[in-house]
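Taken in order, these protein sequences are the chains called A and B.
With my numbering applied, the first sequence covers 199 to 526.
With my numbering applied, the second sequence covers 199 to 526.
Among these hints, one or two may not hold up.
Pairs involving identical chains hold if they fit within one copy or between any two copies, as the list cannot separate such chains.
Stated by the list, open to error - Straight-line Cα separation of at most 27 Å, BS3-like style, residue types lysine-lysine; simulated pairs:
1) K216 <-> K518
2) K336 <-> K400
3) K331 <-> K400
4) K518 <-> K331
5) K305 <-> K400
6) K216 <-> K500
Keep in mind the hints are simulated off the structure, nothing from the lab.
Number of protein chains: 2
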Amino acid sequence: MNKEITLAYGGGGEETQKLIKDLFYRYFENPILLRGEDSGILPPLEGEIAFTTDGFTISPLFFNGGNIGKLAVVGTANDLAMAGAKPCYLTGSFMIEEGLEWETLEKIVQSMGKVLKEEGILLVGGDTKVVPKGSVDKLFISTSGIGEIRYRGISASNLQPGDKIVISGEIGRHGAVILAHRYGVETDLTSDCAPLWERVEKLIGEGIKIKALRDATRGGLSALLNEWAEASGVEIGVEEEKISVPDGVMGLCELFGFDPLDLANEGTFAVAVAPEDATRTREILRLFNPNAQIIGEVREGKGVVLESPWGTSRYLELPKGELLPRIC
Amino acid sequence: MNKEITLAYGGGGEETQKLIKDLFYRYFENPILLRGEDSGILPPLEGEIAFTTDGFTISPLFFNGGNIGKLAVVGTANDLAMAGAKPCYLTGSFMIEEGLEWETLEKIVQSMGKVLKEEGILLVGGDTKVVPKGSVDKLFISTSGIGEIRYRGISASNLQPGDKIVISGEIGRHGAVILAHRYGVETDLTSDCAPLWERVEKLIGEGIKIKALRDATRGGLSALLNEWAEASGVEIGVEEEKISVPDGVMGLCELFGFDPLDLANEGTFAVAVAPEDATRTREILRLFNPNAQIIGEVREGKGVVLESPWGTSRYLELPKGELLPRIC
Numbered sequence: 199m200n201k202e203i204t205l206a207y208g209g210g211g212e213e214t215q216k217l218i219k220d221l222f223y224r225y226f227e228n229p230i231l232l233r234g235e236d237s238g239i240l241p242p243l244e245g246e247i248a249f250t251t252d253g254f255t256i257s258p259l260f261f262n263g264g265n266i267g268k269l270a271v272v273g274t275a276n277d278l279a280m281a282g283a284k285p286c287y288l289t290g291s292f293m294i295e296e297g298l299e300w301e302t303l304e305k306i307v308q309s310m311g312k313v314l315k316e317e318g319i320l321l322v323g324g325d326t327k328v329v330p331k332g333s334v335d336k337l338f339i340s341t342s343g344i345g346e347i348r349y350r351g352i353s354a355s356n357l358q359p360g361d362k363i364v365i366s367g368e369i370g371r372h373g374a375v376i377l378a379h380r381y382g383v384e385t386d387l388t389s390d391c392a393p394l395w396e397r398v399e400k401l402i403g404e405g406i407k408i409k410a411l412r413d414a415t416r417g418g419l420s421a422l423l424n425e426w427a428e429a430s431g432v433e434i435g436v437e438e439e440k441i442s443v444p445d446g447v448m449g450l451c452e453l454f455g456f457d458p459l460d461l462a463n464e465g466t467f468a469v470a471v472a473p474e475d476a477t478r479t480r481e482i483l484r485l486f487n488p489n490a491q492i493i494g495e496v497r498e499g500k501g502v503v504l505e506s507p508w509g510t511s512r513y514l515e516l517p518k519g520e521l522l523p524r525i526c
Numbered sequence: 199m200n201k202e203i204t205l206a207y208g209g210g211g212e213e214t215q216k217l218i219k220d221l222f223y224r225y226f227e228n229p230i231l232l233r234g235e236d237s238g239i240l241p242p243l244e245g246e247i248a249f250t251t252d253g254f255t256i257s258p259l260f261f262n263g264g265n266i267g268k269l270a271v272v273g274t275a276n277d278l279a280m281a282g283a284k285p286c287y288l289t290g291s292f293m294i295e296e297g298l299e300w301e302t303l304e305k306i307v308q309s310m311g312k313v314l315k316e317e318g319i320l321l322v323g324g325d326t327k328v329v330p331k332g333s334v335d336k337l338f339i340s341t342s343g344i345g346e347i348r349y350r351g352i353s354a355s356n357l358q359p360g361d362k363i364v365i366s367g368e369i370g371r372h373g374a375v376i377l378a379h380r381y382g383v384e385t386d387l388t389s390d391c392a393p394l395w396e397r398v399e400k401l402i403g404e405g406i407k408i409k410a411l412r413d414a415t416r417g418g419l420s421a422l423l424n425e426w427a428e429a430s431g432v433e434i435g436v437e438e439e440k441i442s443v444p445d446g447v448m449g450l451c452e453l454f455g456f457d458p459l460d461l462a463n464e465g466t467f468a469v470a471v472a473p474e475d476a477t478r479t480r481e482i483l484r485l486f487n488p489n490a491q492i493i494g495e496v497r498e499g500k501g502v503v504l505e506s507p508w509g510t511s512r513y514l515e516l517p518k519g520e521l522l523p524r525i526c
């Protein structure tokens, strides 16, 4: 029998206790959570801390390379990593539509538990709401995270003329996979959904002076570079042919009229460094992904300029509108 | 013209920036948030910290005495207060249905800003998703909070025979108000939705040895007392006539067949103290609400026993099922 989540599981009574114990305690097991209080009590944290939140409304719930649960852990952990912080603690708020299969929720919670364990992150608090059919589409999750700052001074407004932009890998995989699923197109492509702290930690450990650091999520690399250019009051010149776009991503973009630069990524970031750090940054990132590349440089000016191998150039705009809703 | 939130506001591009700047930065203004990075960077926190999250799916969005925004701040701040922690920092994750009026969202964000300011809490990070019509009912909000522990050792499992249970005020207001709105019944009743840290701080400052502390939210006082009895392996005896229930709450309960003890509260808590602290605890809480009262005591045994003024008694069960969905 395929058990369903009913409204009773969100009522705060006996069934809610069952949901918490049979599902959340089982896969998120750690002493802080198991104390069973409304707040997780954390030991003192060292120095400055990073605090972030992210909401996940992705459709479909399961996609090549992940599901909403893995994404909810990875997305928030990556926000912390991008602040130079080691992800330490997470909370999860679950908004569940009445009728969701227990088995579906369990698979999602299980994959959250797996990536939490791999990354050494503790989920220390949660909340569950079950709402009547039609009030939410299947499942939304919000996660929040706390990390200890291991590298100070990362900021979108740090870019100076001469700085180089290095990207950690190929772009467009997450957005393209969701696009394919949504329109029923078969694809072998997988989302790049993956935690990034290990790479950031390696850059820090190797003494790279990180100026700006950001994962290219909603709005893709276009949004990221435009935000940096604006925040720092500079122009960013990008060599288009240096950006690696998988064939599968390119094919889907041609089919649906998207620009790979606008597509969301969930495990790909850009880092701005001084010119003398650029090659070493690329080499460190290539230990994790052979497609890491120096893609551009910072200049006096304004905006993001995309340069083709044939010497032509065009401004890369901040994407407008909603290209594809519910990608994360 | 009544502007609406379109999908574009959630796309991560230009319109998302506008929503963040015109709405969130305006009402939540503080230097940490205005840095505009994905994570808020907090100065070092003293000692142990409490970390919690809560999801809000309440319907209707506006109710007598508050709205989903005020509730989202108060609810999470109260979770921290109930851990003996001063609420310091919050994050907010907004899940918005395409077509929600800008004005509605602005009112909600404005009232969040108001209560944050009054309580001296900084909102340091947020996330906004806009989903297509029908994917969520108007607006869900998840908030997470960090607080500095000011009193250690509060736990649901601390109750010992002889301890007294003190309640901070009358019960059932929040649940009854939502019930009335949902069924179109006119009522003068207002939700008790209010921050509780000031009262907890006063108890701590006056040297009250707090054993257990919990606000009577989902599942009401019934759920709270049953959880304490179970966690501590004790019986809790409650004098029914000591519990203050407003006439408006009683009337609605009779009309709809609810027990006021099962109704949610959003600004009412119970505290367990040693017998020698009980009267002083009540007097301190009466500075804030004249209906604060010593309602019961802890004994050897199991479960929660409700005693009538006529000498009869009955077990008060953990509420089963979902009495009224989307009350918070």
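Status of each hint after checking the structure:
When the C-alpha separation of K216 and K518 is checked against a cutoff of 27 Å, the pair qualifies only between copies, where the shortest distance is 12 Å, while the shortest distance within a copy is 45 Å. Taking the shortest Cα distances, K336 and K400 never come within 27 Å of each other, neither inside one copy (38 Å) nor across copies (43 Å). For the identical chains of this complex, K331 and K400 are neighbours neither inside a copy (46 Å) nor across copies (43 Å), given an alpha-carbon limit of 27 Å. When the C-alpha separation of K518 and K331 is checked against a cutoff of 27 Å, the pair qualifies only between copies, where the shortest distance is 20 Å, while the shortest distance within a copy is 33 Å.
Neither within a single protomer nor between protomers do K305 and K400 lie at most 27 Å apart by alpha-carbon distance, with minima of 31 Å and 45 Å respectively. With identical chains, the CA atoms of K216 and K500 are at most 27 Å apart between copies only, with a shortest distance of 20 Å across copies and 56 Å within one.
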